Amino acid sequence: MKFTLSWLKDHLETTASLEEICERLPMLGLEVEGVENRAKDLAEFIVGYVIEARQHPNADRLRVCIVDTGTEQVQVVCGAPNARTGMKGVFAPAGIRIPGTGVELKKGVLRGEESNGMLCSEREMGLSDEHDGIIELPGDTPIGAKFAAVAGLDDPMIDIAITPDRADCLGVRGIARDLAAAGLGTLKPLHTSAVPGSCKSPINWRVELPEQDPPLAPLVVGRYFRGVKNGPSPQWLRDRLTAIGLRPISALVDITNYVMMDLGRPLHAYDADKVAGDIFIRLAEPGEKYLALDGKEYAFDEEMIVIGDDHGVDDLAGIMGGERSGCGDDTTNMFLEAAIFDPVRTAATGRKLNVISDARYRFERGLDPTSPYWGSDIAARMVLEICGGEASELVVHGGEMNWQRSYTLRHSRIIGLTGVAVPETDAIRILRTLGFEVTGSGEAIVCAVPPWRADVIGEADLVEEVIRIWGFDHIPNTSMTNDHVVPVPALTPEQTRERMAKRVLAARDMTEAVTFSFVSAKQAVLFGGGADALRLVNPISADLDMMRPSILPTLLAAAGRNANMGIADLALFEVGPQYADATPEGQQTLATGIRTGQTAPRDWTKAARAVDAFDAKADAMALLEALGAPVTNMQVSADAPSWYHPGRSGTLRLGANAFAHFGEVHPKVLREMDVRGPATAFEVFLAKVPEPRSKGPARSLLKLSPFQPVNRDFAFLVNMDMPAEKLIRAALGADRKLVSQARLFDEYAGKGMPEGKKSLAIAVTLQPTDATLTDEDLEAVSKKIVAQVEKHTAGVLRA
Amino acid sequence: MQGKVKRGLSCDGPLCAFDPGDAARVRQGGKLVDEMQDAESLKLELIGAVENASTVDVLEELRVSALGRKGRITEMMKGLGALDPDQRREAGQALNRLKDEVATAIDTAKTTMGDAELEARLLQERVDVTLPPRPESRGSIHPITQTIDELTAIFCEMGFTVAEGPHIESDFYNFTALNIPPEHPARQEQDTFYLPPDESGTPRVLRTHTSPVQIRTMQMTAPPIRIIVPGRTFRSDHDATHSPMFHQVEGLVIDKATHMGHLKGCLIDFCRAFFGVDDLPVRFRPSYFPFTEPSAEVDIGCTRAGGEFRIGKGDDWLEILGSGMVHPKVLENCGIDPNEYQGFAFGMGIERIAMLKYGIPDLRPFYDTDIRWLRHYGFVPLDVPTIAGGINR
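Residue numbers (the numbering used here), protein chains in the order written: chain E, 1 to 799; chain S, 800 to 1192.
No lab work stands behind these hints, which were simulated from the structure alone.
Certain hints may be false.
To be verified - Derived list of chain E stretches under chain S, where covered just means 3 residues or more per stretch with a C-beta under 8 angstroms from a C-beta of chain S: (1) 159 to 167; (2) 339 to 347; (3) 473 to 481; (4) 495 to 507; (5) 511 to 520; (6) 546 to 558.
Unchecked claim - Within a straight-line C-alpha distance of at most 20 angstroms, the following computed DMTMM-like cross-link-like pairs (lysine to aspartate or glutamate) qualify: (7) S:1128 x E:455; (8) E:107 x E:44; (9) E:2 x E:239; (10) E:352 x S:982; (11) E:352 x S:990; (12) S:869 x S:837; (13) S:1112 x E:473; (14) S:898 x S:859; (15) E:791 x E:775; (16) E:146 x E:239; (17) E:617 x S:935; (18) S:1156 x S:1114; (19) E:668 x E:639; (20) E:106 x E:68; (21) E:229 x E:329; (22) S:1156 x S:1068; (23) S:898 x S:874; (24) E:522 x E:543; (25) S:1128 x E:459; (26) E:296 x E:323; (27) E:289 x E:323; (28) S:1112 x E:23; (29) E:606 x S:935; (30) S:869 x S:844; (31) E:352 x S:1036; (32) S:1055 x E:735; (33) E:703 x E:672; (34) E:606 x S:927; (35) S:1055 x E:459.
In this text, all values refer to a predicted model and were calculated from it rather than measured experimentally.
Glycine is no exception: its CB is placed at the ideal position from the N, C-alpha and C atoms.
Using the sequences and the hints, build the whole thing.
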C-alpha cells in the first residue's frame, strides 16, 4: 500500500515529520517497506531560463547557453538538440550529484568554452529513459524555483505492508486513523454527506444471483452521470496517482482509482452510452468470456460472478472491468458502480483466472459494508467538480449486511493478557479514536465495532487494539523460569535416541546430510514405494512428486552429485523421516547411511580398499549397540529388501523383529540412480530399539573372575554355504558357563580344500569362574565345542 | 662406558664394602687366610675381565665361569664345608660378598651394553615421521541439527520439552483448527503441497508450519503446557531464498497466567542466548496471524555499517520470528476453555537463524548435500551444545 505524505495529511492534521511517522508505523503493525523521498535527491535542481543559446565556436553539436538561475547567470555548454534561447529547463549547478548517472557534476572547459553546470534530460534526473533532449518546462514556470516542487516530486512516498486482517488500511484514511489513535495528530472529518440526484438513472440493476449465505452481492449501488466532460485529470490528481505508481488515464477512471486508494473503496465507471439496456449481475455461463481492461481475454466458469448488459458480459465482479464498456476520453455519460461482492467468491475467481488487481485485493479482504453509499457520494462529488454534468438518484439493489456488533472488554483482561495496566481512560480513548463506540466505564466497557473493522470479533481483538496503540514497548519482559528441582528432560527417549544416532554416526567418520522428503516416482518405486496416496497433487517439479519410502534414494542421488564434482569416496548419513503411507503412523524415523567408492584416499600405507557390505554392517551394529540394542543376541538373515545386492546384504533381527538392513546396494538400483559403485548402505529402524528398562540409574553388579582366561583356536571344515554365525553360536552354546567369547578369525576356501568345502577358524575364550582350568577341564570343553559344532554345522575339526 | 664401570667399582656403593678391616680379621687363620687371598685376587681378576668384556655374550661366559654351577666362585663356596664353623661363617660371608659383587658388576655391564646395543638398533629403525598418518576421514553434524540442539538447550532451561508431529497432516490440523478457514487469504498465500484426500475425503497436506503440533499437543495434554516443536515444514516455493522443504521451530505455552510479558521475556532471553549477545536489542511489532491475538513480529538489532552485517546493537532491525497470544478460538478448537487458560505461541525458521548466526549466505545448499559445504559449515560430532559447555562457540 503506497501513499504520499501530503496525501496522508489530507486525512491527518499533524506536525509529525516523515521520520516520526515512519518510525511509528511499524510499531502499529503497519510495516514500512520503503520510503521514497525524491525531494531529497532533487533538492539542488532548479528551474533555469536560457537567456541565450549560441553555437559553440569549436563544436558543431554543442551550444553555449547563458542560464538565468534566478540568482545569477551561468554559462553552460549543452549538447542537447533542443537547447535554445528563451526556453526553461532544469538547471543543475556544478558540485551536485546527478541522480540518473550517480556522477558528481564538475566545472569544466569544453573545447575552450567554460561550463559551470548542466541542463538536464529526464534520464539524467532519474525520471525516465528519455534522453533525446533536455527537459522543457512550461513558459510560466517560475525561474529559480525548486524543480522537485514544480514537477510535483517533492511529496515523499511511503510504501507499507498491510497484514491480511487490516483491510481498513488499504485506504490512506485507515492509516491516518491509526496514526491519530497513536497520538501523531488528529483525524480530519470526512465529507460523506449524500449528493442528491437530479434525475432518474436510465440504467437499472438486474441482479440474478442464486441465494446463499452470505449473499454473493448483498449491496449494489449505481449512479448515472449525464453530460460529463472527460479528459486528463487535474495535475494534483495525476501527480498523486503517479507518485504511487498508477498511470493516470482519464478523469473519470482516475477518480475511481483515487477513491479506492484514498478510502479503500473500489469503484467502476462504465461509459453509459456503451451499455445496452440494464446491467445484470449473475453467475457466468460456461464458455462466456470477455476482454478485460488489462488487454487480456478471460473465460469464465459457472461459479464466477459477472456483470454485463444486452451485449453480453463485460465485467468480472470485484476484479476487473471490460474493455468494451469502459470510459474513454470521449465519454459524456457515465454509470458508476459501487458494490459489495462475496470476498470468498471474489478470491476464488481471481485465483482461478490469476488476475491480480487493486480492486480484487480489496474485495477479497472485505470492504466496509456501508461503503457503497458513501463511496458513490464521495466519487459523485469529485465527478461533478472535475467533469461537471449532473448526477442521478442512486439505483440500489439489496441492502447493508448486518455488521453492527458489540463486545464487552474487561479491564482485567487487558492486564491479564498483556501484563500491562493500561489506564482505563487511555484504553477508552484509544478505542474511540479507532472508531469504536464505547459505552460504560470501569472494569467492563462495551465496545461497538465500526463497520470498517470486520477483523475485530471478540474481546481478545479489543485487547490487541488497545495494546497495539498503547505500544508493545510498555509490555514488561518477564523471564520464564524452570522451577523443577529434578531437571525434566526436554527430550523423550525416542528423541534422545535420534539425537544420539546422529552423533554416533558422525563420530564414525560419516557426514550428516539433510535431504528432501520427496523423490521422483521412479525412485520411489525402486525403493519399494510409489503408492498414489503419497503422490503430491501439486509437486514443485516432476522429479519431486512422491514422499520418499526410504532415505536411500536422496542420499544416493547426493552421492552421484558429489561424484560428478570429483568426490567419489563418501560416507553420508541422515537421521530423518520416510513415509510408508500417509498416516501419522506411516512416518518413521530411520538412521540411514551410505558409503561409496574407497574407504580412504590412496596413501602410502595402502590402507584404502573398496567399501563392502561389512562396512555397512559395522555401521549398523555400532549404532545399534550405542543405542543399547542387544546386538550380541541378534541374528543376521540374508533377506534384505530388493534394493540391496541379493548375495551381499542382510537383516539384523531378533526373531521377527528387524532392526536394520545392510549390504551392498543393488547394481541395478545404482544404474537407475546413475551412481557409480561400489556403494553400501544401512537402514536402522530407530523405533525398534527397545527402551532401556527403567530400573533407576544403578548398574548391575560387576563380578570379575580372579582366574586367568584360556584361549584356544579351532578350525572346522564346513560346507561352502554354512553361515559363520551358526558355527560361532554352536561354539558359544557348547558350554555357556565357560565359553565367554568365540571370534571367527579365518575363512578359507580354495586350494587344499575339498570341493564345496571351506575352513572356518575360531578363537574361543574360556573364562573359568570357580577355579583355574586343569588340562582335563580343557580337554573336556574342547570336546564339547567340537561336538556342538559338528552337531549344528556338520563341521569337522581340521587336524 | 668403561670409565663408568670403573667409577662404579671404586665408589662408595655396595661394591666397596670389602674394607681393609675385613682382610685383617681374615688373615688371622692359616688356610682361611689363603682362601681370602685367593678370593681377593679372583675378585680383581673377574672385575678386570668384566671391564674388558666387549659383548653381552662375553659377559655371559664370564658369569657362567664364575657363578655357574661349576664356576670358580661356586667351587670355592663348595670348599667352605671343610672349615670349622667359625671360619666357615667368616669365609662364607666373604665369598657371598664376592659373589654379589661380581654378579652386580656383570649385570651392570650387561645393562649398559644392552642399552648401547638397543640405541644402535633404534637408530637403524628410524622412520620419516613427516609421513602422513593412516588416512582417516572426519564426520560432521549438519548445521540444522546443531541449531536445533542449541535452541533445545536454551528452551530446556526455561522448562520447555520437545514435541513432534507428522509431516503429512489433515487440513484440519494444518489450517482449520488454527483458525484459518478454507477461504482465508493466509491459506492461499502459503503455497500448500497437497496429497490425495483420505478415505473420508478430507484433504491431506504437507504441513506448511509446525503449528499443527500445537493442536495435537493441546488435544492430548492438559495444561500447563510448555513445548517447542522443531521439525520439517513444506511450502510450494523454490527459488534463491525459498526451499520447498525447510525447518521451523514452534513454541507453545499454555497455563492460567502466562501473558505477553512472558512472551517478550522468553523470546528476548532466547534471542540473546542463541546469538550470544547480552545486550541484543529485541523489538516486538504488532502483526497478524490467524492463530494468535494479539500477534507480534519480533526483530533483532543489527548493523550493516561498512558493508559488514553484524547482529547486535545497531541502526537497523531484522525480522526473525512471529509470535502472539494463542487465539481463544484455537484454544476452543482444542477443547481448552479460553476463559480459564491462556498462553503464547511463536514460530521461527531454523535455517534463517542458523544462517544469521553462522554467516551462511544461502539457503539452498542446506539440502544439496554438497560434501564441500557440509564439511565447511558442519560441526564436530562431539560438539554437543549444552548450557554447561556454552552454545556460542
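Against the structure, the hints:
Counting residues of the stretch 159 to 167 of chain E whose CB falls under 8 angstroms from any CB of chain S gives 4; the rule of at least 3 is met. Beta-carbon proximity to chain S at under 8 angstroms applies to 3 residues in the stretch 339 to 347 of chain E; the threshold of 3 is reached and the given coverage holds. Counting residues of the stretch 473 to 481 of chain E whose beta carbon lies closer than 8 angstroms to any beta carbon of chain S gives 8, which reaches the threshold of three, so the coverage claim holds. With 7 residues carrying a beta carbon less than 8 angstroms from a beta carbon of chain S, the stretch 495 to 507 of chain E meets the three-residue requirement, and the given coverage holds.
Taking a C-beta to C-beta cut-off of 8 angstroms, the stretch 511 to 520 of chain E contributes 8 residues in contact with chain S, enough for the three needed, and the coverage statement holds. Interface restraint, the stretch 546 to 558 of chain E with chain S: holds (4 residues with C-beta to C-beta distance below 8 angstroms; minimum three). Our distance criterion of 20 angstroms between C-alpha atoms is met by residue 1128 of chain S and residue 455 of chain E, whose separation comes to about 14 angstroms. For the hint linking residue 107 of chain E to residue 44 of chain E, the alpha-carbon distance of about 16 angstroms falls within 20 angstroms, and the restraint holds.
With a C-alpha separation of about 13 angstroms, the suggested pairing of residue 2 of chain E with residue 239 of chain E holds against the 20 angstroms cut-off. Taking the CA atoms of residue 352 of chain E and residue 982 of chain S, the gap is about 13 angstroms. The hint holds against a cut of 20 angstroms. Between the alpha carbons of residue 352 of chain E and residue 990 of chain S the distance comes to roughly 14 angstroms, so the proposed pair stays at or under 20 angstroms and holds. Between residue 869 of chain S and residue 837 of chain S the CA atoms are separated by roughly 17 angstroms; this keeps the pair inside 20 angstroms, and the hint holds.
The hinted pair formed by residue 1112 of chain S and residue 473 of chain E meets the criterion: a straight-line CA distance of about 17 angstroms does not exceed 20 angstroms. For the proposed pair residue 898 of chain S and residue 859 of chain S, the alpha carbon gap of about 15 angstroms is at most 20 angstroms, so the pair holds. Annotation: proposed proximity of residue 791 of chain E to residue 775 of chain E is violated, straight-line Cα distance about 24 angstroms (limit 20 angstroms). About 16 angstroms separates the Cα atoms of residue 146 of chain E and residue 239 of chain E, which keeps this hinted pair within 20 angstroms; it holds.
A C-alpha spacing of about 19 angstroms is found between residue 617 of chain E and residue 935 of chain S, which places the hinted pair at or below 20 angstroms, so the restraint holds. Of the pairs offered as hints, the one joining residue 1156 of chain S and residue 1114 of chain S holds, with about 18 angstroms between alpha carbons and a cut-off of 20 angstroms not exceeded. Taken as a hint, the residue 668 of chain E and residue 639 of chain E pair is honoured in the structure, with Cα atoms around 17 angstroms apart against an allowance of 20 angstroms. Restraint check for residue 106 of chain E and residue 68 of chain E: satisfied, since their Cα atoms lie roughly 19 angstroms apart, inside the 20 angstroms limit.
For the hint pairing residue 229 of chain E with residue 329 of chain E, the CA-to-CA distance comes to about 8 angstroms; that is within 20 angstroms, so the pair holds. A distance of roughly 16 angstroms separates the Cα atoms of residue 1156 of chain S and residue 1068 of chain S; the hinted pair therefore holds under the 20 angstroms criterion. A hinted pair counts as satisfied when its Cα atoms are at most 20 angstroms apart, and residue 898 of chain S with residue 874 of chain S qualifies at roughly 11 angstroms. For the proposed pair residue 522 of chain E and residue 543 of chain E, the alpha carbon gap of about 8 angstroms is at most 20 angstroms, so the pair holds.
Restraint check: the Cα-Cα separation between residue 1128 of chain S and residue 459 of chain E comes to about 11 angstroms, which is no more than 20 angstroms; the hinted pair holds. Of the supplied pair hints, the one linking residue 296 of chain E and residue 323 of chain E holds, its CA atoms being roughly 9 angstroms apart against a limit of 20 angstroms. Proposed proximity of residue 289 of chain E and residue 323 of chain E is supported: the alpha carbons are some 12 angstroms apart, at most 20 angstroms. Restraint check for residue 1112 of chain S and residue 23 of chain E: the C-alpha separation of about 17 angstroms stays at or below 20 angstroms, so the hint holds.
For the given pair, residue 606 of chain E sits about 13 angstroms from residue 935 of chain S by alpha-carbon distance, which is consistent with the 20 angstroms threshold. The hinted pair formed by residue 869 of chain S and residue 844 of chain S meets the criterion: a straight-line CA distance of about 18 angstroms does not exceed 20 angstroms. A distance of roughly 19 angstroms separates the Cα atoms of residue 352 of chain E and residue 1036 of chain S; the hinted pair therefore holds under the 20 angstroms criterion. Taking the CA atoms of residue 1055 of chain S and residue 735 of chain E, the gap is near 64 angstroms; set against the 20 angstroms cutoff, the hint is violated.
Between the alpha carbons of residue 703 of chain E and residue 672 of chain E the distance comes to roughly 55 angstroms, so the proposed pair goes past 20 angstroms and is violated. Taking the CA atoms of residue 606 of chain E and residue 927 of chain S, the gap is about 16 angstroms. The hint holds against a cut of 20 angstroms. Straight-line distance between C-alpha atoms of residue 1055 of chain S and residue 459 of chain E comes to about 17 angstroms, which keeps the hinted pair within the 20 angstroms bound.
This entry does not satisfy hints 15, 32, 33, going by the numbered hints stated previously.
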